[in-house]
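*Asks:* As a plain string of letters, each chain reads:
Number of protein chains: 2
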Amino acid sequence: MPKNIQVQLANRPTGPVEESNFRIVELDVPKPAHGEILVKNLWLSLDPYMRGRMSAAKSYAKGVEIGEVMTGGTVGQVVESNHPKFKVGDHVVGSLGWQLYAVSHGEGLTVIDSNVVPLSAYLGVCGMPGATAWIGLLEYCAPKAGETVLVSAASGAVGGVVGQLAKLQGCRAVGIAGGPKKCAYAIKELGFDACVDYKAGNLIDDLKAACPNGVDNLFENVGGEVMDAAFRVLNPFSRVALCGLISDYSATEPYGTKMIRSLLVNRVRLQGFIVFDRQDLYFRAISQLVKLVSQRKIKYHETVAEGIHSAPKAFMGLLKGDNLGKQLVKLS
Amino acid sequence: MPKNIQVQLANRPTGPVEESNFRIVELDVPKPAHGEILVKNLWLSLDPYMRGRMSAAKSYAKGVEIGEVMTGGTVGQVVESNHPKFKVGDHVVGSLGWQLYAVSHGEGLTVIDSNVVPLSAYLGVCGMPGATAWIGLLEYCAPKAGETVLVSAASGAVGGVVGQLAKLQGCRAVGIAGGPKKCAYAIKELGFDACVDYKAGNLIDDLKAACPNGVDNLFENVGGEVMDAAFRVLNPFSRVALCGLISDYSATEPYGTKMIRSLLVNRVRLQGFIVFDRQDLYFRAISQLVKLVSQRKIKYHETVAEGIHSAPKAFMGLLKGDNLGKQLVKLS
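Heads up: the protein sequence lines correspond to chains A and B, in order. Read left to right, the first sequence gives residues 0 to 331 (numbering that gives the first Met the number 0). Read left to right, the second sequence gives residues 0 to 331 (numbering that gives the first Met the number 0).
These are computed hints drawn from the structure, not numbers from a lab. It cannot be assumed that every hint is accurate.
Stated by the list, open to error - Derived coverage of chain A by chain B (criterion: at least 3 residues anywhere in the stretch with Cβ under 8 Å from a Cβ of chain B; other residues may be distant): (1) 241-252; (2) 255-264; (3) 271-285.
Unchecked claim - Derived CB-CB ranges, DEER-like: (4) Gly255(B) with Lys143(A): 47 to 55 Å; (5) Ser94(A) with Gly107(B): 52 to 60 Å; (6) Gly14(A) with Pro117(B): 53 to 61 Å; (7) Glu224(B) with Pro15(A): 23 to 31 Å; (8) Phe275(B) with Arg283(A): 31 to 39 Å; (9) Gly255(A) with Gln278(B): 32 to 40 Å; (10) Pro15(A) with Gly107(B): 38 to 46 Å; (11) Asp204(A) with Glu305(B): 46 to 54 Å; (12) Glu138(B) with Arg22(A): 47 to 55 Å; (13) Asn114(A) with Gln278(B): 49 to 57 Å.
Note that beta-carbon positions come from the ideal geometry of N, C-alpha and C, so glycine has one too.
Modelling step: build the complete structure from the supplied sequences, incorporating the hints.
*Replies:* Structural data, given as structure tokens:
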């Protein structure tokens, strides 16, 4: 008789996340009631936004309560169905959390086709991170051919798609990433024109060299010193899509951004955004990304942790930048 | 025989502006050539942006060179004309600098009517500061009736117009200003609903009390700690018009803004802007403001320094916030 295994929030981190912030519990597999389905999760997505959900600080979404299962995107398979729209064997993508099984009314679940792109891609390049890249770049930055697009966390699940979409728009794509391995990956595998290693200790000068015509579009995932340096190379009338601030998420004291003046003198438009606000664009973004991936016009990489018990450690690694591309947990 | 008196940039300030940064020189009154006019300046405008022009740092406009006359808006009267579009006696508004006389080809000069609003108003409420308020608020914030508009430097030439336009839009207008006198002026004279004294030492809590429904539109003139506090009370999907950063202009080290996270989680749109980029809106803004002022629907206050020699000290006072409303120098 299979058991459900669940990763719950045990207590809230102050500063960096630790394994002791999580509790792994074994539960009976729940029974789907009328109108419900039982899903066996196959893949769990780990994403930086989850750090915010662990915190009690006000954010755009309600945090996870102590003792609740951690929020997380999943791909799974329907194993029991009392719902007319789902049949046993269907693959579904949604947000069923850090656990092996879940019951659902079906809301927020989408049936996906594993013949077009692999199932796991629906959590990355053809999922929430891909749609984030698509909406932030094409809707909020709206780059024109010939412009320069700069993206931080360039080797991550979002940043890698941003750079490739920028190339498809006819732009110069420049990344910022941590370490020579990630930078080489962005350039050689993903086709970025340049990638600056922020750990090399020469960030501002390296950015200037990598962006000889300045930056017209900044897709910001990191914040902190990296963003402050990027603000220095912004061109007049440039656009900033503020997508994430991963360097701040685990900081006990937020970094003080000094280059606000650049936003004024360069008449910059900065837009903070959350992908889920744009349901009007989400499925269009996903369907275009599925097509581009199936045509091999967009590439991706996955870092896979094995088994639900590895999720906390893999998440801690993600927040430190240990992953390359999309961080997943293979559940089954 | 009258002489021209000119205030030139003697050297660049590091930190606060000092009188020794200026040189006052006496020159012959220039002669207008064919196609030129000679203007006798009557009023000089002092504005925070001039601090930027004194600096060698990259900004949106070329700085003043050492030994050049300081840049500045002026209202004057044509005393000689070799130009078909201007006749002797015409009043003109433009940017003829910190001096008593100037020759001009007429470019950038507009003939104004002293019968509708007083001449000096064309440098403030019906001039560049007024247009800045109009464009920043109505074009970039675009507030809806019932929303809250927060504006820093609320008793200044720009801020005072922002608050009154906000009221005309059906919004709650909340100001931030330095000291009880300025706050009382904003509320009692200009009709703000509330005004928070940032010098009172309780800025964040006072802002929360003054904005019980949060802030939907922030018109930012100040930057630094004041802006950081304002970021804390922003509502989801709020707009920030970034107009100025007066607290940073004289700082040797820029303030580090900590609440960037608020721009992300609240999905804020922030737009840095300079009024001169919007020539498409400038004259519409001015003509509406002239009408509103002539109908007494918008009020204003002027702080007037007497004589060209008083300009440096009056400018230093402006940067410290000594003025109430528009800071002018009466030249004649």
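*Asks:* Could you check the hint for me, namely that Ser94(A) and Gly107(B) are 52 to 60 Å apart, CB to CB?
*Replies:* About 58 Å separates the Cβ atoms of Ser94(A) and Gly107(B), which means 52 to 60 Å holds.
*Asks:* Check the following: the C-beta atoms of Glu138(B) and Arg22(A) are separated by a distance inside 47 to 55 Å.
*Replies:* Between Glu138(B) and Arg22(A), where Cβ atoms are some 52 Å apart, the hint holds.
*Asks:* Regarding Asn114(A) and Gln278(B), is the given constraint of 49 to 57 Å on their beta-carbon distance met?
*Replies:* Holds, since Asn114(A) and Gln278(B) (Cβ atoms, about 56 Å apart) stay within the stated range.
*Asks:* Does the Cβ distance between Gly255(A) and Gln278(B) fall inside 32 to 40 Å?
*Replies:* For Gly255(A) and Gln278(B) the Cβ distance comes to about 36 Å; the hint holds.
*Asks:* Count the residues of the region 271-285 of chain A whose CB lies closer than 8 Å to any CB of chain B, then report whether that count reaches three.
*Replies:* holds (count 4)
*Asks:* Please check whether the region 255-264 of chain A has three or more residues whose CB lies within less than 8 Å of a CB on chain B.
*Replies:* holds (count 9)
*Asks:* Per the hint of 23 to 31 Å, is the separation of the Cβ atoms of Glu224(B) and Pro15(A) within bounds?
*Replies:* holds, 28 Å
*Asks:* CB of Phe275(B) to CB of Arg283(A), is that within 31 to 39 Å?
*Replies:* The hinted range 31 to 39 Å holds for Phe275(B) and Arg283(A), with Cβ atoms some 38 Å apart.
*Asks:* Just tell me: holds or violated, for the beta carbon distance of Gly14(A) and Pro117(B) against 53 to 61 Å?
*Replies:* Given range 53 to 61 Å: holds, Cβ gap about 59 Å.
*Asks:* How does the Cβ-Cβ distance of Pro15(A) and Gly107(B) compare with 38 to 46 Å: does it lie in that range?
*Replies:* violated, 57 Å
*Asks:* So the hint says 46 to 54 Å: do the beta-carbon atoms of Asp204(A) and Glu305(B) match that?
*Replies:* holds, 50 Å
*Asks:* Holds or violated: the 47 to 55 Å window for the beta-carbon distance between Gly255(B) and Lys143(A)?
*Replies:* Violated, since Gly255(B) and Lys143(A) (Cβ atoms, about 33 Å apart) do not stay within the stated range.
The structure shown violates the earlier hints numbered 4, 10.
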